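Chains as they are written, first to last, in my numbering: chain A, 1 to 202; chain B, 1 to 195.
Keep in mind that the hints were calculated from the coordinates and are not lab data. Be careful, since some hints might not be right.
Among chain B residues calculated to face chain A with C-beta under 8 Å, some are [what the hints assert, rightly or not]:
| hint | residue |
| --- | --- |
| 1 | Ala87 |
| 2 | Glu90 |
| 3 | Val92 |
| 4 | Arg98 |
Here are the simulated lysine-lysine pairs, DSS-like style, with alpha carbons at most 30 Å apart [claimed, not checked]:
| hint | chain 1 | residue 1 | chain 2 | residue 2 |
| --- | --- | --- | --- | --- |
| 5 | A | Lys198 | A | Lys21 |
| 6 | A | Lys198 | B | Lys125 |
| 7 | B | Lys6 | B | Lys178 |
| 8 | B | Lys32 | B | Lys103 |
| 9 | B | Lys78 | B | Lys125 |
| 10 | A | Lys181 | B | Lys103 |
| 11 | A | Lys198 | B | Lys103 |
| 12 | A | Lys25 | A | Lys181 |
| 13 | B | Lys29 | A | Lys198 |
| 14 | B | Lys6 | B | Lys29 |
| 15 | B | Lys178 | A | Lys25 |
| 16 | A | Lys25 | B | Lys78 |
| 17 | A | Lys21 | B | Lys29 |
| 18 | B | Lys32 | A | Lys181 |
| 19 | A | Lys21 | B | Lys103 |
| 20 | B | Lys125 | B | Lys103 |
| 21 | B | Lys6 | B | Lys78 |
| 22 | B | Lys29 | B | Lys78 |
| 23 | B | Lys125 | B | Lys6 |
| 24 | B | Lys17 | B | Lys178 |
| 25 | B | Lys125 | A | Lys21 |
| 26 | A | Lys198 | A | Lys25 |
| 27 | B | Lys103 | A | Lys25 |
| 28 | B | Lys29 | A | Lys25 |
| 29 | B | Lys178 | B | Lys84 |
| 30 | B | Lys32 | B | Lys78 |
| 31 | B | Lys103 | B | Lys29 |
| 32 | B | Lys178 | B | Lys78 |
| 33 | A | Lys198 | B | Lys78 |
| 34 | B | Lys125 | B | Lys29 |
| 35 | B | Lys178 | A | Lys198 |
| 36 | B | Lys6 | A | Lys21 |
| 37 | A | Lys21 | B | Lys178 |
| 38 | B | Lys17 | B | Lys29 |
Here the structure is a predicted model, which is why all the values come from computation and not from measurement. All C-beta atoms in this analysis are idealised placements derived from N, C-alpha and C, irrespective of residue type, glycine included.
The primary structure of each chain is shown beneath.
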Amino acid sequence: MAAKPLNPSSSYAEYNIRTRKPDPKSCALLVIDVQNYFASMAAPILPALNATIRLCRRASVPVLFTRHCDADPSDYPSLAEWWGHDSRILDGSGEAELMPGLDRGDGDPVVRKHTYSAFRGTGMEERLAGMGVREVIVAGVMTNLCCETTAREAFVRGFRVFFSTDATATSSEDLHVATLKNMAYGFAYLVDCASLEKGLLG
Amino acid sequence: MEDQWKRTALLVIDMQKDFIEEGSVMWVKGGKAIVPNVMEAVELARRRGILVVWVVREHDSQGRDVELFRRHFYSSGKLGPMSKGSAGAELVDGLVIREGDYKLVKTRFSAFFATHLHSVLQGAKIDSLVMAGVQTPNCVRQTVFDAVALDYRSVTVLVDATAAATPEVHHANIFDMKNVGVSTPTLQEWRQSAS
């Protein structure tokens with residue numbers, strides 16, 4: 001999580017053996033589920049999220065947002081069963097809206113999703129391919145659920161994946177770090193605001 | 001204010017590798033230093049909904065459409081500067097044409113000379129222009145003077161997002177543009193003007 005990592009990068013650094021700069025001409029930033037429902041987790045990383053968004057805009061990298069809205073339980077029973085029917089995020093409610101402090105521009109697409117993956121049932125892959133996007137930078141919440149699933153999905157669909165360490169957050173530090181270890185090991189180049197600034201703006 | 005942005009276009013002039021990268025015969029010495037400011041101007045324009053027009057030179061590989069005094073660059077069998085399709089004609093790293101932007105190809109100094117830029121801008125009801133790019137005494141200056149001649153209500157040149165071979169040349173030309181009613185703010189001043 002953002003503010004004070006218990007064990008700073010040392011805990012996942014041993015897995016982070018690859019470095020690469022994103023290519024501004026073919027990458028896109030995916031800002032996952034920064035909705036009021038997740039405000040307690042997302043508020044502490046909002047500055048880093050907005051900084052990441054701004055860096056991408058400066059480099060002409062398109063920014064896409066997702067909102068998680070639970071579908072009818074009969075369509076996706078697993079989420080309702082897992083988290084409970086009361087935990088559903090209903091489209092149209094205040095909780096389902098993107099957080100007001102989030103830097104979303106008028107032209108930025110907002111994609112609705114019904115499960116952890118931003119690719120499943122959303123047309124995201126076709127949309128990105130149509131934009132000529134071959135790399136994605138993943139930021140947002142929750143690190144180990146929607147961000148990680150989206151990153152894994154992107155990887156197995158052939159996208160190059162970058163995963164933000166300071167603009168993602170989840171409910172506990174150890175789950176956050178566990179994701180970063182696995183991402184670095186098998187799926188994504190780890191980035192943060194500092195490395196993105198160097199990588200995108202040179 | 002939002003209304004004003006709908007009537008404004010940012011012209012990013014000749015920010016191509018053959019003008020910006022050292023070693024090219026067309027290298028503009030002050031060009032590389034303004035790249036970050038040009039990137040920021042573009043970002044600002046997109047955020048405000050201002051039309052971004054990428055003005056670029058693209059020339060015939062044999063130089064048949066380039067000014068007479070530059071034709072000799074196209075004869076030796078080596079790729080001439082800003083040859084259509086060449087790497088040198090591409091925008092410099094950091095500048096990317098996005099959907100919604102407009103690309104305007106020219107073969108002379110002014111973005112208006114023998115192009116349809118004026119009709120495209122008029123069709124979009126644009127009466128205010130902001131300039132960034134290179135180089136101040138040539139393509140920027142000619143475009144600016146033509147814009148004044150064509151009665152654009154407001155013509156602005158971003159002094160720290162335009163450049164020439166030397167600061168002296170740059171400022172001399174900015175001085176001349178000021179004298180014909182052109183606004184010459186810094187990027188910072190433009191950012192603050194009506195935000």
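Status of each hint after checking the structure:
no.	hint	result
1	Ala87	13 Å, violated
2	Glu90	10 Å, violated
3	Val92	11 Å, violated
4	Arg98	6 Å, holds
5	A:Lys198 to A:Lys21	8 Å, holds
6	A:Lys198 to B:Lys125	39 Å, violated
7	B:Lys6 to B:Lys178	24 Å, holds
8	B:Lys32 to B:Lys103	21 Å, holds
9	B:Lys78 to B:Lys125	43 Å, violated
10	A:Lys181 to B:Lys103	44 Å, violated
11	A:Lys198 to B:Lys103	28 Å, holds
12	A:Lys25 to A:Lys181	28 Å, holds
13	B:Lys29 to A:Lys198	23 Å, holds
14	B:Lys6 to B:Lys29	34 Å, violated
15	B:Lys178 to A:Lys25	36 Å, violated
16	A:Lys25 to B:Lys78	28 Å, holds
17	A:Lys21 to B:Lys29	27 Å, holds
18	B:Lys32 to A:Lys181	39 Å, violated
19	A:Lys21 to B:Lys103	27 Å, holds
20	B:Lys125 to B:Lys103	17 Å, holds
21	B:Lys6 to B:Lys78	43 Å, violated
22	B:Lys29 to B:Lys78	23 Å, holds
23	B:Lys125 to B:Lys6	8 Å, holds
24	B:Lys17 to B:Lys178	29 Å, holds
25	B:Lys125 to A:Lys21	40 Å, violated
26	A:Lys198 to A:Lys25	15 Å, holds
27	B:Lys103 to A:Lys25	16 Å, holds
28	B:Lys29 to A:Lys25	25 Å, holds
29	B:Lys178 to B:Lys84	34 Å, violated
30	B:Lys32 to B:Lys78	24 Å, holds
31	B:Lys103 to B:Lys29	24 Å, holds
32	B:Lys178 to B:Lys78	40 Å, violated
33	A:Lys198 to B:Lys78	34 Å, violated
34	B:Lys125 to B:Lys29	36 Å, violated
35	B:Lys178 to A:Lys198	37 Å, violated
36	B:Lys6 to A:Lys21	35 Å, violated
37	A:Lys21 to B:Lys178	42 Å, violated
38	B:Lys17 to B:Lys29	12 Å, holds
This entry does not satisfy hints 1, 2, 3, 6, 9, 10, 14, 15, 18, 21, 25, 29, 32, 33, 34, 35, 36, 37, going by the numbered hints stated previously.
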